[in-house]
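Trainee: Residues per chain, in single letters:
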Amino acid sequence: MSRSKPLSPHLQIYRPQLTSVLSITHRATGVFLSAGTALLVYWLASIASGPECYAAAQRILETTLAQIVLVGWTWAFFYHLCNGLRHLAWDAGYGFELKTAYRSGYIVIASSLFLTGLIWGCILAQTGGAA
Amino acid sequence: MSLRTALGRVKGLGSAKAGLAHWQSQRLSALCLIPLSLWFVYALMGIVNQPFADVVTWIRTPYVTVLLIALVLALLRHLQLGLQVVLEDYVHSPILQIASQVLLRGGAGIGALIAIFSILKIALA
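Quick note, the sequences are listed as chains A and B, same order.
Here the working numbering is used: the first residue of the first sequence is 1, the next is one more, and so on.
Here the working numbering is used: the first residue of the second sequence is 1001, the next is one more, and so on.
Here chain A stands alone, though its shape is the one from the complex (with noise of 0.2 Å):
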């Protein structure tokens, strides 16, 4: 196996595409939202231990750090869900054509941000602000 052989080109070679950097990140928010579900397993138990366990599970949730998490978490939700739709979409044959692949990826990220944007905006306004 001394003989060099020629190689397809390295992955860090290509120049990331919209396709292959949304692809990557449906991976990634899939990963994210697995932890996501960790807490929300958590928040179940917390509030089947009763009122104490429940408080404590609010107060942790109530940090600056956590609010910046769950941010993180509803635009990974929304984002998984938007793309999801369209590789279900591709599952049944839909939408292979390169300008509409691009065209369906640049609906993902606007949704899933506008939706991100939406879901915040209405807890903001239901606590005045101090979530």
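None of these hints come from the bench; they were simulated from the model.
For every residue, glycine included, the Cβ atom is placed at its ideal position computed from N, Cα and C.
It cannot be assumed that every hint is accurate.
Cβ-to-Cβ under 8 Å is the rule here; a few derived chain A residues that face chain B [stated by the list, open to error]:
1) PHE32
2) SER34
3) LEU39
4) VAL41
5) ALA48
6) PRO51
7) TRP75
8) GLY84
9) ASP91
10) TYR94
11) LEU98
12) LEU118
13) LEU124
14) GLN126
15) THR127
Following the hints, put chain B in place on chain A, whose structure we already have.
Mentor: Here is chain B on its own, set in the frame of chain A:
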């Protein structure tokens, strides 16, 4: 007529014939999660800042109890199938591969059990 070589057939090369179930299950859980997760995020906005008793009352509502359990089942299934592929792609040592897959299955299963037990405890208490 098959285009496979006789040797390849004897060695059992080619498809493991177990990929379709994974693919279908991932899509099916994704389809379930579209309405369930949107409902949950919407409902959560109204519930997060409420007092403890109101949160409990909400979970005890029969349709909420059922939908929450459905959400947990679909979510943990989708999580397990997705992370399984991530581990298959990036973990190269065979021993770590098996260990991480076992941990993932165990973690997803225990997570689902804790969540469902919690929901039922709140609902039936």
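Trainee: Now tell me, hint by hint, if it's right for this structure.
Mentor: Cross-check of the supplied hints:
Here the hint on PHE32/A is broken, as its CB sits about 11 Å from the closest CB of chain B, past 8 Å. A distance limit of 8 Å between C-beta atoms decides the matter here; for SER34/A the minimum to chain B is near 5 Å, and the interface restraint holds. The interface hint given for LEU39/A is broken, as the beta carbon of that residue sits about 11 Å from the closest beta carbon of chain B, more than 8 Å. This hint holds: VAL41/A has a C-beta 5 Å from the nearest C-beta of chain B, less than the 8 Å allowed.
Satisfaction of the interface hint for ALA48/A is found here, the shortest Cβ-Cβ separation to chain B being roughly 4 Å, below the 8 Å cut-off. Restraint check, PRO51/A versus chain B: the minimum CB separation of about 5 Å is within 8 Å; hint holds. For TRP75/A, the interface hint is violated, the least distance from its beta-carbon to any beta-carbon of chain B being 12 Å, above 8 Å. Interface hint at GLY84/A: satisfied, since its Cβ lies 6 Å from the closest Cβ of chain B, which is below the 8 Å cut-off.
A distance limit of 8 Å between C-beta atoms decides the matter here; for ASP91/A the minimum to chain B is near 6 Å, and the interface restraint holds. Proximity of TYR94/A to chain B is violated relative to the hint, the smallest CB-CB distance being about 14 Å (cut-off 8 Å). Because the beta carbon of LEU98/A sits about 24 Å from the nearest beta carbon in chain B, more than 8 Å, this interface hint is broken. Against a cut-off of 8 Å between C-beta atoms, the interface hint on LEU118/A is violated, since the closest Cβ of chain B lies about 10 Å away.
A distance limit of 8 Å between C-beta atoms decides the matter here; for LEU124/A the minimum to chain B is near 11 Å, and the interface restraint is violated. Interface restraint check for GLN126/A: the shortest CB-CB distance to chain B comes to about 7 Å, inside 8 Å, so the restraint holds. The beta carbon of THR127/A is positioned within 8 Å of a beta carbon in chain B (closest approach about 6 Å), and the interface hint is therefore held.
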